[in-house]
Amino acid sequence: MTTCEHLNKVHAYHDGELPEPQRRAIEAHLRECRACAAELAWLERSREQLRSVDAPPPVFFVERLQRRMSQEPMRPALRLAWSLTAAAAAILVACVVQLSVTTNTHAADAEPATWEVLAIAPADVHAAPGDELQLAAWIARDLGSQP
Amino acid sequence: MGSTDAEFVQRSRRGDREAFGQLVGRHAPGLYRLAVLTLGNPTDAQDVVQDTFLSAYQGLDRFRGEHGDASFRAWLVGIMTRQIARHQRRESYRSTQPLDAHAAPAQRSATAASDARLDVAELLSRLSVEHRQVLVLREIEGLSYDQMAAALGVPRGTVESRLFRARQALRAAAGAE
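Read top to bottom, the protein sequences are chains Z and B.
One point on numbering: in my numbering, the residue at position 140 of the first sequence is 140, and numbering is uninterrupted.
So the number in my numbering is just where the residue sits in the second sequence, counting from 1, plus 147.
These are calculated hints, taken from the structure and not from any lab test.
C-beta: ideal position from N, C-alpha, C; glycine also.
Check before you lean on any hint, since a few could be wrong.
[Unchecked claim] Selected chain B positions facing chain Z (in silico; Cβ < 8 Å):
#, residue
1, Tyr-179
2, Ala-221
3, Tyr-292
With the rest of the complex left out, here is chain Z (with noise of 0.2 Å):
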């Protein structure tokens, strides 16, 4: 069989691969390659023949096929926005219910506790006549118990 160093370059050209300048260069040693002329012609005549083998679908795959991606169930991608979208629908209803609850528990604290008025407050307490000496024996007997 006779072959020619240029073969593989013919090929590209049949494909339209080839850049401008290789173009013009494998058209020119074509006019003079009885070789890659043939190769040429042989790869056209496959071509048209691989493009005329028809094979069409069974009956009825393809609706079947649209039916089968009918059923299939939501894109990851839409699932994650109808998530976040709901989610972000909780927290906001949370917060409301919060912020309510909230509101009333302040309503209710507004009163301090009575430890707290007598803290702030002692000024008001006095001791009475002879509690002096009362506490001064308290005061006295603390001492002596203390170690």
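With chain Z's structure known, arrange chain B on it following the hints.
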């Protein structure tokens, strides 16, 4: 005037399942043809095409659409190429499955044209799946070398050499007739 692939893709992304159904109707027959000529088995071809559209539907957000309608078809072919590779690994597919089940509807015709189609289908069946795949992608789907490289996940040089050897194998099979 019909909607473009890009318009159907946009609608599909927003949850319009009917729009995706239109894409299936438009591209499934062509993808099936590529698959059955590559794999040589109608059942396997149907499985691969279905898996291709399932994968495309779930991954619609990854489609960039930079080159108009041809891009969506090329994207589908890329997905199907990977599905075929997965199928091959799963099934340990043998390379000599006959193609005559769906190669030419007019199998009983006596005309030279249908005889030629049968011959080519028969010749294809003698090639490896790898060789059939590059021939189908180039000669029938019309992908460029760069598009084939992207679809197959191999360098452009590999595409060129694989295609060259596939054509030599096809010629050798024809010469053996």
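Evaluated hints:
At its closest, the beta carbon of Tyr-179 of chain B sits 4 Å from a beta carbon of chain Z; the interface hint therefore holds under the 8 Å criterion. For Ala-221 of chain B, the suggested interface contact is broken, since its CB lies about 16 Å from the closest CB of chain Z, more than 8 Å. With its C-beta approaching chain Z no nearer than about 5 Å, Tyr-292 of chain B sits inside the 8 Å limit, and its interface hint holds.
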